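Asker: Each chain, written out:
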Amino acid sequence: MAPVKITPKRESLLANIRVQRFTSGKDRSPYFDNFKLEVETGMTVLAALRKIKDEQDGSLTFRAFCRSAICGSCTVRVNGRSVLACSTQLLPILKDFRKGSVTIAPMANLPVLRDLVVDIDPVIDKLAKMHPYLIESPERVPEALERESLMSRDELNAFDYMTDCILCGSCYSACSSVAADPSYAGPLTIAKAYRFSIDVRDSFRGIRDQAAIDQGLWSCVQCRKCIKVCPKDTRPADTIRRTRKLTIDDGIRDTPGSRRAKAYVADIKRFGQVNKPMLPVVVFGTKGWEAIEVAEAALTKQGLEPTRRVCKLPGQEGVEGIFGRVRAIEDEEEQGR
Amino acid sequence: MTRIHTADAGTRTPFRVQPEMSGRLTYAFYSGCCFQGADARFFDILTQVFGRLDVDLQLIPDAVCCGAGVIEERSELASLAINARNLAGAERMGLPFFTPCSTCFNVISNVQKRLAEDPRLHDQVNRILAPDGIEYRGEGRLTHTLYILAQDVGLEKLGERVTHPLHGLRVGSFYGCHTRNPADIQGYESADNPTSLEDVLRVLGAEIVDYDTRDNCCGYHVAWPNADLSKAMTGQVLQGAKKQEVDLMVTSCPLCFKNLDGVQPKALAATGRDFQLPVLYLPELVGLACGMSPEDMKLDFHVVPVNVRL
Amino acid sequence: MTSPSFAGDQDKVGEPQFDQKHNDITNVSSVGGRGEPDRGEEPRSLSHAMLTYDILIVGSGGAGLYAALESRLEEDLHVAVLTKVYPTRSHTGAAQGGVNAALGNRDPTDTWEQHWFDTIKGSDYLADQDAAELMCREAPEVVRELEHWGAPFYRTEDGRIAQRPFGGASKPRACYAADKVGHIMLHTLYEQGLRHGVDYFNEWVTLNLIHDGQRCMGVTAYSIRTGRLHTIQAKAVILATGGHGRIYWRRTSNAYGNTGDGSAIAYRAGLPLKDMEFVQFHPTGLRRSGILVTEGARGEGGHLLNVLGERFMARYAPDKMELGPRDLVARAIETEVREGHGGPDDELFLDLTHLGKDQIIERLPQIRQLCINFEGVDPVEEPIPIKPTVHYSMGGVHTDINGCTPIEGVYAAGETACVSVHGANRLGGNSLLDILVFGRRAGRHAVGYARRIKLGPMPQGAYDEAERCLEELMEGDGKETVAGIRSDLGQIMATKAGIYRHAAGLEEALGDLEHLKDRYRRMTIKDRSPVFNTEMLAALELRNMLTLAEVLTLGALARTESRGAHFREDFPQRDDEGWLKHTVARLGSDGRPALSFTPVAVSRFAPEARTY
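Residue numbers (my numbering), protein chains in the order written: chain L, -17 to 319; chain C, 212 to 521; chain D, 24 to 635.
Just so you know, these hints were derived from the structure itself, not from any lab. Note that the structure is a prediction, hence the values are computed from the model and not measured. Don't take every hint at face value.
[Said to hold, decoys possible] The list that follows gives simulated cross-link-like pairs (lysine-lysine, BS3-like), each with its CA atoms no further than 27 Å apart:
{"#": "1", "chain 1": "L", "residue 1": "258", "chain 2": "C", "residue 2": "509"}
{"#": "2", "chain 1": "D", "residue 1": "380", "chain 2": "L", "residue 2": "-9"}
{"#": "3", "chain 1": "C", "residue 1": "509", "chain 2": "L", "residue 2": "81"}
{"#": "4", "chain 1": "D", "residue 1": "549", "chain 2": "L", "residue 2": "8"}
{"#": "5", "chain 1": "L", "residue 1": "81", "chain 2": "L", "residue 2": "-9"}
{"#": "6", "chain 1": "L", "residue 1": "258", "chain 2": "C", "residue 2": "454"}
{"#": "7", "chain 1": "D", "residue 1": "380", "chain 2": "L", "residue 2": "214"}
{"#": "8", "chain 1": "L", "residue 1": "-13", "chain 2": "D", "residue 2": "343"}
{"#": "9", "chain 1": "D", "residue 1": "502", "chain 2": "L", "residue 2": "18"}
{"#": "10", "chain 1": "L", "residue 1": "-13", "chain 2": "D", "residue 2": "380"}
{"#": "11", "chain 1": "L", "residue 1": "81", "chain 2": "C", "residue 2": "454"}
{"#": "12", "chain 1": "L", "residue 1": "258", "chain 2": "L", "residue 2": "244"}
{"#": "13", "chain 1": "D", "residue 1": "502", "chain 2": "L", "residue 2": "33"}
{"#": "14", "chain 1": "L", "residue 1": "251", "chain 2": "C", "residue 2": "368"}
{"#": "15", "chain 1": "L", "residue 1": "269", "chain 2": "C", "residue 2": "477"}
{"#": "16", "chain 1": "L", "residue 1": "77", "chain 2": "D", "residue 2": "549"}
{"#": "17", "chain 1": "L", "residue 1": "18", "chain 2": "D", "residue 2": "549"}
{"#": "18", "chain 1": "L", "residue 1": "283", "chain 2": "C", "residue 2": "509"}
{"#": "19", "chain 1": "L", "residue 1": "33", "chain 2": "D", "residue 2": "604"}
{"#": "20", "chain 1": "C", "residue 1": "324", "chain 2": "L", "residue 2": "214"}
{"#": "21", "chain 1": "L", "residue 1": "33", "chain 2": "D", "residue 2": "549"}
{"#": "22", "chain 1": "L", "residue 1": "227", "chain 2": "C", "residue 2": "324"}
{"#": "23", "chain 1": "C", "residue 1": "477", "chain 2": "L", "residue 2": "283"}
{"#": "24", "chain 1": "C", "residue 1": "324", "chain 2": "L", "residue 2": "244"}
{"#": "25", "chain 1": "C", "residue 1": "324", "chain 2": "D", "residue 2": "380"}
[What the hints assert, rightly or not] Computed footprint of chain L on chain D, listed as stretches where at least three residues anywhere in the stretch have a Cβ under 8 Å from a Cβ of chain L:
{"#": "26", "segment": "113 to 125"}
{"#": "27", "segment": "206 to 215"}
{"#": "28", "segment": "272 to 284"}
{"#": "29", "segment": "382 to 391"}
{"#": "30", "segment": "549 to 560"}
We put the CB at the ideal spot given by N, CA and C, even for glycine.
With the sequences and hints as input, model every part of the structure.
Answerer: What follows is the structure in structure tokens.
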């Protein structure tokens, strides 16, 4: 085969890069600077920032280290989405938004120190409260260094995906619940707690269950933005649901969230749907009656007849059987462990 | 007129995506659980509006609540199994699976995706369904009000049906989270820069107003464990839109609608704000633009009065 | 000033100790710490905040964190890690392949002796055999210790640590976890550090070592966040700042921060550097970023093409083609570029398109994603643009097997150090092992030392000297910029002290470097903000790189042979008679490096030709 000369496909586009600026202790509020830049094929958001810093404004401040999406330093928001600057191509974003301009802002939900650099200590502090380390179980971890602990592939796979987490904070920046309640732990901290709790070599699960609940396990709204932005696809919101299950399995059943979960399963089994009018009482106990009465009064005002039950959906009978068979499989798996 | 009728569960028809010769579109309809109580009116509104657009809905027989992800807090396998069962219902009808509820869309999309990626899990789920004579094949398409309007019916046809364009109306559009996050659930459009909602609104003649909290979460799903947090989130969304002086907000998600409209007074009271911002569920506004009356669209049922000249 | 005792108040949560008048130290996290040092007498002579530790570790990669953990396990000692990033961001995390340990989990016939031989052969016989022996013997223990701490290594069928084959290894002994083994090791060490109360000074930069010529006293360092300078008193300082691949600036897979800070600090303090001329290149880094496209792509049948579309390896290694040894492939690529067969950006191409979309997606999904994310190129559609890229620094601070240097209490470990176990060329999977074994040993030795001695008085001048250094950077006429000098430095090193070297080029490079140093003196920092001044940080890093570049180039010029990663066009053969010895460089009284040579420790394996 005769060699064919290679002509690399390279495009470029003159774009406006709009960057949020701010220096704590100096500026009263953030403002934006605009930089004109020829954006080429292959240019990452980080490369663009570096180019601006090197050639246009040496004071432009951002974090960056490994450039290969493993250190988690360079998280910023590009057109609102939390991303790693180093692994995000700029040209496709310019094309997606069709504006010839792109806005780069620091991570949300954290105090800005300067320009694109935020103070991430609040996340680290929250993480530390989750006991994010293995506390060796003497049953699994040998005393001496002559042998490793034995752990099956399935046991590892249960949490292996979570060890991809690079603590970049993208999920924290995107988190709806942190935005509304700064005391909430945020996705990565709960996910990290889960990673250790289900490690068979660990012995600290109960403590972490409570730590997660204390830091807002049930405050996650399941908007799933964290899943969208995670550069390592660790799917934190899914893990938060699993952590909730873990606490329930471990016997912590007096939380509003665990009561909701229980009601959903029971209702779907029984009616094929959730009896929403009754949820306030199911979840909050007698305190919930007030909410029900308010809702019923509103319905009456609109000329509708309130109801405290839902109809049984036709054909839901099959569902009960499904739950039964699922339960049997899960019991069997439990015994296998 | 739209016809809602139960399909014959026994007959298998080939899967159809393309409109029939008549130009009508038919979907297997899965309502989810959000159309309960006063919200039952949305059945009626949706069928009226879709009727105008030559869209027919056939109820999926035996469908049950998707569990909203909440049942996964007890059992992921149960969620996979009952939703595979829901999807199998549409497969048997040979029709695309349509749910107006964004959360159902999200949860069931996710189930579809997980079963597609993991053949072992797919088999396990089918073994669970087998005693009921149900098999999930993983063939169907799943869609949402937004994409039926913007893509299946299409903007051109929609434009043709608009009789009362909403000129001069300043609208804040709100997708809600569950048709957007995560990005991989369906791929109907860019997850970072979706335009289907705005495309539809523009065809209706409205002016789109951008606002800070457009991508926020309405807080619906945290209401039961943490009502205060939910109200705080609802309040933030509303305040962001209010700041840009929109006439009203429109959302394509019926659950967001419940919070933004139904919880609005409490949410604003909790944050010490006092204003009223009308919120419409997308099909309502489509209906109005297509010549249906506020009575047809049952706007009286809104908690926040829709006192906007349309 | 009296020497503080370190009885430790076990009830208090550990906080670093500092001068009450200036309790504005920020960004020191001491989560979960226990014990607090006695405050001792306030050092009145110093007008700035003063911190005191038994053991201070500079750098938070695997070596630093292991050293910290090893010393902090002795609960009576106060241990802090000072790092210019956050610990989990250190470059150890980027190591993908594996960590060598002859566990015999996959092949029970594997032994540490075979690992030892592979290491020595890989080093082109320049590694010290006693040091390499010790590393290979201790390997199983450190890997297991890490496993006991929770590191999620992948598993064999029977639940033991999984191992895989690796280039240059005679048995499958690289313990791994997907392509993230460095990452999981780094995180495990950080997590256990949190658990055991190590203090972390995150985003602090170390400027200088303080010592009296005999003994270590501490460091001067400044907080990036506040811009404030501090002296930190410590009985022992362990330098573990990683390699200096960034000397080659754009032509490296290294992190931005791999600027050889620890080696440069040690060198300025009068400590010897060893074997600095040995720098490992990887043949296939991405064009723009230098990020590695691993051997896997070639292993799956990828072709290396020049811009003419020729599969040029046929001219250099007709048998092995693309699968020849790294150094050979890197040199072939370099030759093609020299002959004008490179692309518009002097790049060559790794072509996978002939494998077809399905095979690429099925077999090389991570490499495909890497190319899309970092280079904007989908290998399904077009060839991947690549360049050889600097990957690892074999040379570093001259230490013994305990990390000790000629100044008591100053240690070095990991890529900063040169024990030497890598010699002229590091064996794959040994870099992660090096940081574990020697990080631990340095920590252990420092514990004994810190227990034995008392803190001495701090010399007056240290703070002032560091302050002057920072002030000087604010002077100058401002025509020169960090970015400009740095970029030229990379270019000079890549072209004149890179894959191919010869006397004339290296001499030219030395002249160029003098010129760069001149320019550096005239440079000024335009960013005047004390808050997170990254331009200041970059200037300090550049100073370190210029220092090391000179040592490296001089060593390369002196070594008139080709060995391992060092290839002299004018001396293409290995010369065991003349050069089976280490290059040692010290800062001379004239401010230039003074070279001397020490013999290589040869205990078991006589040098042979290195063929694979």
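Asker: Quick one, are residue 258 of chain L and residue 454 of chain C close enough, alpha carbons at most 27 Å?
Answerer: violated (33 Å)
Asker: Does the structure keep residue 502 of chain D and residue 18 of chain L at a Cα separation of 27 Å or less?
Answerer: holds (23 Å)
Asker: Does residue 214 of chain L lie within 27 Å of residue 324 of chain C when you go C-alpha to C-alpha?
Answerer: At roughly 18 Å apart (the allowed maximum being 27 Å), residue 214 of chain L and residue 324 of chain C satisfy the hint.
Asker: Taken at face value, is the distance from the CA of residue 81 of chain L to the CA of residue 509 of chain C at most 27 Å?
Answerer: Distance ~39 Å between residue 509 of chain C and residue 81 of chain L Cα, so the pair is violated.
Asker: Has the segment 206 to 215 of chain D got at least three residues whose CB is nearer than 8 Å to a CB belonging to chain L?
Answerer: holds (count 6)
Asker: Is the hinted pair residue 33 of chain L and residue 604 of chain D satisfied, with a Cα-Cα distance of at most 27 Å?
Answerer: Outside the cut-off at roughly 43 Å; violated.
Asker: Keeping to a limit of 27 Å between CA atoms, is the pair of residue 251 of chain L and residue 368 of chain C held or broken?
Answerer: Status violated; Cα separation ~42 Å.
Asker: Given the proposed pairing of residue 33 of chain L with residue 549 of chain D, does the C-alpha separation stay at or below 27 Å?
Answerer: holds (16 Å)
Asker: Quick check: do three or more residues in the segment 113 to 125 of chain D have a beta carbon closer than 8 Å to a beta carbon of chain L?
Answerer: Check passed, 4 qualifying residues.
Asker: Taking a Cβ-to-Cβ distance below 8 Å as contact, does the segment 549 to 560 of chain D have at least three residues touching chain L?
Answerer: holds (count 8)
Asker: With a cut-off of 27 Å on the C-alpha distance, tell me whether residue 502 of chain D and residue 33 of chain L pass.
Answerer: holds (18 Å)
Asker: Is it true that the CA of residue 81 of chain L sits at most 27 Å from the CA of residue 454 of chain C?
Answerer: holds (24 Å)
In terms of the numbered hints stated before, the structure departs from hints 3, 6, 14, 16, 19 and 29, listed from lowest to highest.
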